[in-house]
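Sequence lines, in order, name chains A and B.
The first sequence lines up with residues 1 to 534 when you count with our numbering.
The second sequence lines up with residues 1 to 916 when you count with our numbering.
By construction, these hints were calculated from the structure, which means they are not laboratory data.
Mixed in with the good hints there might be a few duds.
Simulated restraints on C-beta separations [unchecked claim]:
(1) A:523 to B:516: 30 to 40 Å
(2) B:498 to A:116: 40 to 50 Å
(3) A:529 to B:391: 23 to 33 Å
(4) B:745 to A:523: 32 to 42 Å
(5) A:154 to B:33: 15 to 25 Å
Positions of the beta carbon are idealized from the N, C-alpha and C atoms, including for glycine.
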Amino acid sequence: MSEAQPRYGMVVDLNRCVGCQTCAIACKHANDTPPGMQWRRVLDVERGTYPDVERLFLVTGCQHCAEPPCVPVCPTGATRQRADGLVTMDYDTCIGCGYCAVACPYQARTIAHDTSWYYGEPTAQEAHVAHGERDGVANKCTFCVERVDEAAALGRIPGVDLEYTPACAASCIAQALHFGDFADPESNVSRLARDNASFQMHAELGTDPQIRYLYDVPNATPGREAEAADTGDAAMANPENPLVGERQAFWDARAAMNFTLGGLSGGLMAIAGLAAAFGMLGADALVDAYLVAAALMALGLFFVFLEIGRKLRFLYVLLRPQTSWMTRETYAVAAIYPALALDVVWPHPVLHAIVALAGAAFLYCQAQILFAGKGIPAWRAPSIPWLIGATGLLEGAGLLAFLMKVMDTGEARGAAWAIIVLSVVSGVLWHRYRRTAADRGIGPLARAELDAVAPVVTIFGHAAPALLCLIGIAISGPMSSWAIGLGGILAIAGGALWKFTVITRACHQQGFAIPMMPTRGSGTRAAPARLEPI
Amino acid sequence: MAGTTPRIAEKKKVPVYCYQCVAGPDLLKVEVEDGIATRIESNYDIADRHPGGGRVCVKAYGLIQKTYNPNRVSRPMKRTNPKKGRDEDPGFVPISWDEALDIVAAKMREIREQGVLDEQGLPRLATSFGGGGTPTQYMGTFPAFMSAWGPIDQGFGGGQGVKCYHSEHLYGELWHRAFIVSPDTPYTNYVINCGNNVEASGGVAGVWRQADARVRGLKRVQVEPHLSITGALSAEWLPIKPKTDAAFLFALIHRILIERDWREVCDVSFISNDTTSPYLVGPNGYYLRDPETEKPLILDLSDGRAKPFDADIAEPALEGTHRASGIEMGPDGAVWTHEEAEARPAFQLLLDHVSDFTPEWAEAQCDVPAERIRRVADEYLAHAMVGETIEIEGKTLPFRPVAVMLGKGVNNGWGGYQTCWARTLLAALVGALEVPGGTLGTAVKLNRPAYDRHLTVRSKGDGIMDYPFNPTTRDEWTAKPHIRNAYKTLVPLAADSAWSPALGPAHLPWLFQKKPPESWPEQAKPAMWINYRTNPAISSWNAPEVAERIAEFPFTVSFAYTRDETNHMADILLPEATDLESLQLIQIGSTKFTEQFWKHQGWAVRQPVADPVVDCRDITEIATELARRVGILEAYNAAINRGAAGARLADDKAGYDFSLDATRPHTVEEVWDAVAKAASHTLTDGAEVHGIDWFRENGFMLRPFPQLDWYLYPTLKEQGLRFEMPYQERLMRHGAELAERLHEIGIDWWDRQLEEYEPLPGYKPFPDIWANYASEVGKDPDAYPLWALTARSMQYSWGANVGIPLINEVANNISGHKGVIVNRATGRKLGIGDGDPVVIESPTGVTRGRAVLREGIRPDTVLMIGQFDHWATPFAKDLGLASLNSVTSLSLSLTDATGSGADLARVRLSRDTGRR
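Extracted from the complex, chain A is given alone in its bound form (with noise of 0.2 Å):
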């Protein structure tokens, strides 16, 4: 009975895209968007050496992702994805924590966190169209979703009725832009993309990216195969390369601030509770280290509530525990303070398993938040969460033999055969990730910064840690301590160290790819020889 679900694409022809930008400012029009945000971009890129050079115009944007990164790891459900494949924005519910965009491989989200205007006053035009509910919350392209629904209550065709059609594909003066029906094998967009060859941009992150781009030139220049645009190191270290991803600003040293606390306090509860399981910490001395885990806890997540957009809505990060870790990472928050709470009147090993499980669901927590931040390949490693989750560890073992030296609960050897193993399995992992990190797609402006930190990372957060522990180790007295204290200390620095550098240096995004350019340039790249007429 039900007609056929539609589901929405778009084919970008980009031998027709002219980079006029009409689309990009159609698209400021229709959605009214504050200055320097742009749903629909369209970048000038160049390929090759004098004399032998291609240039290109690529239109970017939400691609509306059959399996769209950004929504699973939306803590409040903000962003969805309709059935007829749209990925909306709910911006009444969004808390603005960027979470999304930085999941995002187009570089397709942007948070306005202060209110601007283009002439810096607002004209009686920007007053009257402005959109507070998107300030300090996420926006991206909906494909003109309310002409789409619109269309559907009318028995438009959206794509084909141009007032029902997105902003950007009924602007276009290049018919370059088809928005349409890939569900329909008869529509606009299904025909351009079964009669052309085409592609799918950053295909092999599994996205299913719903926007097709065609590159062959029908007849016109026969004899030289697309190739892909230079994704070679030299290009991608040019920052001015708009293929190049800039550097995230979504997560800052605020971000970066809760992984370190927080990694180091999940850390901590879960290595404190692990020894006092097994004897080597007194029930005092672990509530003791679990409180102040919970401190610098609360302080990281502090940080975070500063990062977010939406501060008044920060509960809404509860929605959506199906999908996001940020909403799990809350849920172990709020099982581990009520349990330390009671801990505290009521010590009893049962909650002190409880905390110590839960700062280690915590810690698990944000090695995926980590991981799930597809649009950052420095993020997205396949060693990311075993770097976070290993590096808490270490950090907590360490902050746990500083602490027992501090507080003076007796010997922190265990601790300390705790920093040594866990220095080996990081210093490992981390070497590991900056080995594969070429191969994993992480550019060489990102690994620059890596390797601009990784000798100090290696020296004072992995070796010189094992080192002290087993020099405290081998050596007795109070000098013993001091030797496992410090190199417990250098732990914890180390790992802040690479978290922020990753989180807030090696953070640049996907950045943009063409798979296949047209076949048309200078010198080698230029189409070859026509000596027929069509």
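Dock chain B against chain A, hints included.
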């Protein structure tokens, strides 16, 4: 949500047109909420009839911010500081409209009392408008005011610079009624494009049609020093040395005529019967003519006799040297009578002429490898499909799907004649001129009538189209310039239409105002100068110097949108209602500039869309009020009635009379209501008569326009006329006469220009003209090793868009909008990194910006897109963008025979150590 009230259909959308650039008009709708213009979209109502799918381009979307720009001049202003100059604060103070109009009208009355012409016979009132005729689409009835006023000097260039294709306009109209030349893009399969950035300058119709053609299979070879937007979309880019395009094109001709067998590859029938190729040329270089009829002769190989061109000729001779009798008609009535003299067909002279232009020779001139030149020529021939036909609207026409396009920098200034000639000849050789798939003209501006280029196809003899040359004979030559740029005196090709002042040497008044050349009177400055939608203090060659000249004008009235570099020198600022605030009807459709080839024609409206933002007035109201106060109201109304607002308001033959009562002022609505009725009556032969309210509601009105009218060839055939190719006998005669005239009054500073009047244009090392210019101003040419060029910015060009931040935001996505494009290797050599501040110095100017390093540009070339370097225009003055106009020079030696300079300079580039 499905089921809720649809909103899109209920939105109030007001139809208007956009004609900000010469590639318009395109139609749009403005969404209005609560009296505020909120958004813009294309007018989809015309999608199936507009050659660009009814879309508007990026510029139109700037109109909202243009309207609500807080930097607008919000009230009339009066200057209080009598001193003028860039460094002088004008001290503008607000005044009422009444006072402003009184001041202007009083000054005008004073001028009229003195006489509209000064002692030298020059108009005391001068006006400058922006380029391409686009201001006319916004200036309401101001043309009627000008008509009522009398003689006005419109020859002060409002800035050709980045905008003008110059040589193409003049030679294009001469050869095929093509003020603008365009490929027949929907049918063309192969295009050789020398630097025409059509994807940036061709407007919506250009982009739309070219994109369709690419997907259809059009192959385009782009020949230009930098990889433009258009180059990016071409199959092949040939990075040619600036200003050597003529060498490239000449070598293509050489390949076709000398290396290939032209009898086999060319359209011999077209050459023989549809061009002047077989005309015999006598010993003195003029056509050998029949003594009685004075008709040029053609040798008939079938009987060996020379016969008048229109006789029955079985086998016209194209080659060889023959003996024939006849007369030659030289300059100033000179007649040479020949008995059995040596005469050669013009085509033979062409073969001789191009014999030395080998691809190897060209390679040395232009850096394009000889084998590529040969290959392009061969591809061109392969695609010409000589002999094919196509049916258009039931008529069978030749089908020649090849074309050559020329860019602005190729066209304007020295070398323009050569490239225009070569392009037209390349079309003629394969019969691809004015036929489907080939090279077409769009509109006429110099020939008359302007509304139909087919009606301009007339002959006074010689079997070719007549052309309204400015006379050069002793009796008729205009020895005393009637306006300051002296186009009638110096440029026979400029003709004498309303457009001619702008197409003469429009930069010379600025140059001569500084220092007149020898035997040229020092001309009094205009007592009043009015400028409208133009900023010559930015948009001229050597813009800083032009700004100094503007400061010397005694009384300047500026129609002002925001403060800018030109109205900085004004005495009165009049904030006229801008694009979305005033009422006007214009004609649309038929064939217009660039690629506006329609299958319809009609009228479209522009109207106030929202509540007023500032205290501005509709220019029609201003014109009416000035006419009343100056005392020329009746003449003004009469001009409107005659058609100065676009349509004749009364026509006995057509049976309508909507004319205005000439004795009283009329409101803006009354004027355009009458125009609307006349327009709709004309469009429908009286079947449908609509007032302005109907247009305001519906936006436009159309009737079909035959596609056959895109092509001029059938019209020439009907009249038995030929294209005047390849030999330019008329130009040679005019050149000889003009030389005589000028020398008679002691002018020898135009001698270099006079050399250009060659019947078959020769090649000169054109780049040397610019390289050597440094010596002329006492500088070392070697100190300026780079070429500086410009390119059109689709986002900014025309329309005063430089002060609109939204335009800036999206334009910045395109390379070159944030700085000067420099080849990466050149940057490395000079120690310049991406984004570094740079200084660009020419022998006469300097400009600053930031480096944008790219690969798609010759290492010896730098490129500055658009026109910038603002110092007064709000927002724009903070952009820090370099401008070619600041480093180009105003000079006679850089001015060609048509009176144009070029957008070109020799420069040096260095890191700007004074800036971070």
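Outcome of the hint check:
no., hint, result
1, A:523 to B:516: 30 to 40 Å, "violated, 50 Å"
2, B:498 to A:116: 40 to 50 Å, "holds, 47 Å"
3, A:529 to B:391: 23 to 33 Å, "holds, 31 Å"
4, B:745 to A:523: 32 to 42 Å, "violated, 54 Å"
5, A:154 to B:33: 15 to 25 Å, "holds, 21 Å"
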